[in-house]
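Residue numbers (our numbering), protein chains in the order written: chain A, 1 to 226; chain B, 1001 to 1401.
Keep in mind that the hints were calculated from the coordinates and are not lab data.
All of these numbers come straight from a predicted model, not from anything done at the bench.
A couple of the hints might just be wrong.
Only pairs whose alpha carbons sit at most 20 Å apart, straight line, appear in this in silico EDC-like list of lysine to aspartate or glutamate [said to hold, decoys possible]: (1) Lys102(A) - Asp1121(B); (2) Lys1318(B) - Asp57(A); (3) Lys1243(B) - Asp1232(B); (4) Lys102(A) - Glu132(A); (5) Lys1370(B) - Glu33(A); (6) Lys89(A) - Asp57(A); (7) Lys7(A) - Asp1121(B); (8) Lys1290(B) - Asp1232(B); (9) Lys55(A) - Asp99(A); (10) Lys1385(B) - Asp145(A); (11) Lys55(A) - Asp1381(B); (12) Lys1385(B) - Glu154(A); (13) Lys7(A) - Asp1127(B); (14) Lys40(A) - Glu128(A); (15) Lys55(A) - Asp1127(B); (16) Lys1385(B) - Asp160(A); (17) Lys54(A) - Asp1232(B); (18) Lys65(A) - Glu128(A); (19) Lys1370(B) - Glu1293(B); (20) Lys40(A) - Glu1293(B); (21) Lys7(A) - Asp99(A); (22) Lys158(A) - Asp1381(B); (23) Lys54(A) - Asp80(A); (24) Lys1370(B) - Glu128(A); (25) Lys102(A) - Glu33(A); (26) Lys1106(B) - Asp145(A); (27) Lys89(A) - Asp79(A); (28) Lys158(A) - Asp1127(B).
Some chain B residues close to chain A (C-beta under 8 Å, calculated; not the full set) [as the list claims (entries may be wrong)]: (29) His1107; (30) Arg1114; (31) Arg1322.
To spell it out: a stretch of chain B is covered by chain A in this simulated footprint if at least three of its residues, at any positions, have a beta carbon under 8 Å from a beta carbon of chain A; those stretches are [what the hints assert, rightly or not]: (32) 1120-1134; (33) 1334-1343.
By construction, the Cβ of each residue, glycine as well, lies at the ideal position given by its N, Cα and C atoms.
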Amino acid sequence: MVEHTVKAFDEDITRLRGLIAEMGGLAEVAISEAMASLVKGSTTLADAVIARDKKIDALEAQVDKLAVRVIALRAPMADDLREVIAALKIAGILERIGDYAKNIARRTGRITDRDRFGPFPLIPAMAEIAAEMVHDVLSAYAARDPNLAMEIVERDAKVDAFYDSIFRNLVSHMVEKPESVGTAAHLLFVARNLERIGDHATNLAEQVYFAATADYLGERGDRPEN
Amino acid sequence: MSGNRQIPWAGMLLALLTSICLVWASVSLLIVAVVAGVWFFSLWADRLRSMEEEPARQPISERPDLDAIARNAMEATVESVSIPMILTDETRIRAANAAARAVLGKHLVGQDTRIALRHPDAIRLLDQPDGSTVTVPALTVSDSVWHLTRHGIDARYRVIEMRDRTAEADISRAHTDFVANASHELRTPLSSIIGYVETLSDAGDKVDGALTQRFLGTVLREARRMQTLLADLMSLSQLEAEKHDLPETRIELPQLAQRVVREFAPAPGGAIRVEFEKGEDAPVVRGDAKQLEQLLRNFIDNALKYGDGETPVRVVLKPAPRNMTEVSVTDTGAGIAPEHLPHLTRRFYRTDPGRSRAAGGTGLGLAICKHIVERHRGRLDIASKLGVGTTVSVRLPLAAD
């Protein structure tokens, strides 16, 4: 990026991007550790994820404050303004992703007889794709790479397909074994959270694309209804 | 330069000779004197001027700045070291060597340090004292492991050194589940071999000839299966050992694909089983020819094995975005249920164990393919629709010229 005449402005933008990256790193780890806690049934790991979510919230507040300050004091224009607006939105989305991860971690203790669930191995596979989307979109943000952002949007269809398959699997599971409806319902919510994480990763990709090119990626209309 | 400081004898001699010639040619003495005067003056003026400039130039030529030379050499050394290193001040990355730019991206210099190292553990290192080390998983790709060490330079700058520990972490992880799976797969044919041979040796004379032949046939088939399985296991472990060194040879993909497709050419008079379609351009990749051939052969084998047996398998070579090229193999047939797709590349994973074993599969084919693709820094994708068919595609990065 071109250096700004006002050095302090440059510092602010760099710091804003740094904060976003830090939030992103935390969100990524939250997803992978929430899934690890779910698969291993480790409540200590789950508690760690839940506790660390506060850090993400605190960082979001910092991003908000800094972004508002930059707009108020420096009146940014053109790509600088896009950068600040995108940072505001991205911080909001990352905070949501952190919440979804926290929600997954919360269910760790409530899932029993995890070995007997046929569809269970599908959920970590789905999480892997969603987590990779988040990872890559943050890399696209760091590199301001609109092409990578565009590619990530395409990957959301895969996550949605997984969600559909898991949904059907779990529903038939509930019908066959009414005694495990509780666990199946929790797993359904986990899959739902992962599906939302995938959607939010595409939202992030749209923001990255917008900040880099000033264009909007086309609206996607093929989200599942359930 | 030093010649300038001497008296310009040659010039003076030339001026003198010219003057004598002029006098000889009976030019007026006054004019000759004026010409010679101007000539000599210009020579002396030039000498004086060069002497004035001398003091300013002298230190550079005679006293080189050793510090600057050492600094340049140091810079060049660090730049070419294969361990990624980044130089940061309180908040920003100030410099990064070639290895670091390759791993973290070219954009990182001038950015906030957290942009490059966003993992919470890596960020924690930024607040720790010099000399500390952290282990960071998934810093670059999802199954990578890095050791980051911080070294202080002065009050303001510090160097972060990154060591790739992915290979070590991989080995210990892979070992445990692999041994379990492999011994299970080997035990199945082995126990049927033992069973049949035991029967034959215990009750050899009571079993009639035809049955003996059938038993022996089974024993032979199972033994052959163990042999293929062992061959696959060997090639998998070989691949695993070299999976982190990028292959070097430049390979022209269209020719390679053509070669593999030709192996599947029909017998004279038979129907075409494999169609090959390549675009206009001739993509070149860096790769290992044997492994890429094995990759394509495995895909076509699978497509023939699980396709409907009537429609030919289509092999398509076409360009892909982001400087990559794509090879895909498409069959028409039963397809694969979506819930199996994510697991297909796992070792010994089978969608239909009975059918796969009957077709002579070891359960390692796609695992081998995945390793080959990973070693070539490519991307493997399997798309399938039940009742329509399956497309396996691989994207490989094009070789830089």
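Quick rundown of the hints versus the structure:
1. The hinted pair formed by Lys102(A) and Asp1121(B) meets the criterion: a straight-line CA distance of about 19 Å does not exceed 20 Å.
2. Of the supplied pair hints, the one linking Lys1318(B) and Asp57(A) is violated, its CA atoms being roughly 46 Å apart against a limit of 20 Å.
3. Between Lys1243(B) and Asp1232(B), the direct Cα distance comes to roughly 16 Å. Compliance with the 20 Å bound is thereby established for this hinted pair.
4. With a C-alpha separation of about 18 Å, the suggested pairing of Lys102(A) with Glu132(A) holds against the 20 Å cut-off.
5. For the suggested pair Lys1370(B) and Glu33(A), the alpha carbons sit about 25 Å apart, so the restraint of at most 20 Å is broken.
6. Distance hint between Lys89(A) and Asp57(A) is fulfilled; the C-alpha atoms sit about 14 Å from each other, no more than 20 Å.
7. Distance restraint check for Lys7(A) and Asp1121(B): the Cα-Cα separation of roughly 30 Å exceeds the 20 Å cut-off, and the hinted pair is therefore not satisfied.
8. Of the supplied pair hints, the one linking Lys1290(B) and Asp1232(B) holds, its CA atoms being roughly 14 Å apart against a limit of 20 Å.
9. At most 20 Å may separate the alpha-carbon atoms for a hinted pair to count; Lys55(A) and Asp99(A) meet this at roughly 12 Å.
10. Of the pairs offered as hints, the one joining Lys1385(B) and Asp145(A) is violated, with about 32 Å between alpha carbons and a cut-off of 20 Å exceeded.
11. Distance check on the hinted pair: Lys55(A) and Asp1381(B) sit about 36 Å apart at the alpha-carbon level, beyond 20 Å; violated.
12. For a cut-off of 20 Å, the pair hint linking Lys1385(B) to Glu154(A) stands: about 18 Å separates their Cα positions.
13. Under the criterion of a C-alpha separation no larger than 20 Å, the hint pairing Lys7(A) with Asp1127(B) is inconsistent with the structure, at around 25 Å.
14. Restraint check for Lys40(A) and Glu128(A): satisfied, since their Cα atoms lie roughly 16 Å apart, inside the 20 Å limit.
15. This hinted pair checks out: Lys55(A) and Asp1127(B) have alpha carbons roughly 16 Å apart, not beyond 20 Å.
16. With a C-alpha separation of about 15 Å, the suggested pair Lys1385(B) and Asp160(A) falls inside the 20 Å cut-off, and the hint holds.
17. With a C-alpha separation of about 49 Å, the suggested pairing of Lys54(A) with Asp1232(B) is violated against the 20 Å cut-off.
18. Distance restraint check for Lys65(A) and Glu128(A): the Cα-Cα separation of roughly 33 Å exceeds the 20 Å cut-off, and the hinted pair is therefore not satisfied.
19. Distance hint between Lys1370(B) and Glu1293(B) is fulfilled; the C-alpha atoms sit about 14 Å from each other, no more than 20 Å.
20. Among the hinted pairs, Lys40(A) with Glu1293(B) is inconsistent with the structure: their alpha-carbon atoms are about 40 Å apart, more than 20 Å.
21. For the proposed pair Lys7(A) and Asp99(A), the alpha carbon gap of about 36 Å is over 20 Å, so the pair is violated.
22. Of the supplied pair hints, the one linking Lys158(A) and Asp1381(B) holds, its CA atoms being roughly 11 Å apart against a limit of 20 Å.
23. Using a Cα cut-off of 20 Å, the hinted pair Lys54(A) and Asp80(A) is violated, with the two alpha carbons roughly 29 Å apart.
24. Of the pairs offered as hints, the one joining Lys1370(B) and Glu128(A) holds, with about 16 Å between alpha carbons and a cut-off of 20 Å not exceeded.
25. Distance restraint check for Lys102(A) and Glu33(A): the Cα-Cα separation of roughly 10 Å lies within the 20 Å cut-off, and the hinted pair is therefore satisfied.
26. Straight-line distance between C-alpha atoms of Lys1106(B) and Asp145(A) comes to about 11 Å, which keeps the hinted pair within the 20 Å bound.
27. Distance restraint check for Lys89(A) and Asp79(A): the Cα-Cα separation of roughly 15 Å lies within the 20 Å cut-off, and the hinted pair is therefore satisfied.
28. For the hint linking Lys158(A) to Asp1127(B), the alpha-carbon distance of about 39 Å lies beyond 20 Å, and the restraint is violated.
29. A distance limit of 8 Å between C-beta atoms decides the matter here; for His1107(B) the minimum to chain A is near 5 Å, and the interface restraint holds.
30. Using the Cβ-Cβ criterion of 8 Å, the hint placing Arg1114(B) at the interface with chain A is satisfied: the shortest such distance is roughly 4 Å.
31. The beta carbon of Arg1322(B) is positioned within 8 Å of a beta carbon in chain A (closest approach about 6 Å), and the interface hint is therefore held.
32. Taking a C-beta to C-beta cut-off of 8 Å, the region 1120-1134 of chain B contributes 3 residues in contact with chain A, enough for the three needed, and the coverage statement holds.
33. With 4 residues having a beta carbon nearer than 8 Å to a beta carbon of chain A, the region 1334-1343 of chain B meets the requirement of three or more and the stated coverage holds.
Checked against the numbered hints above, the structure violates hints 2, 5, 7, 10, 11, 13, 17, 18, 20, 21, 23, 28; every other hint is satisfied.
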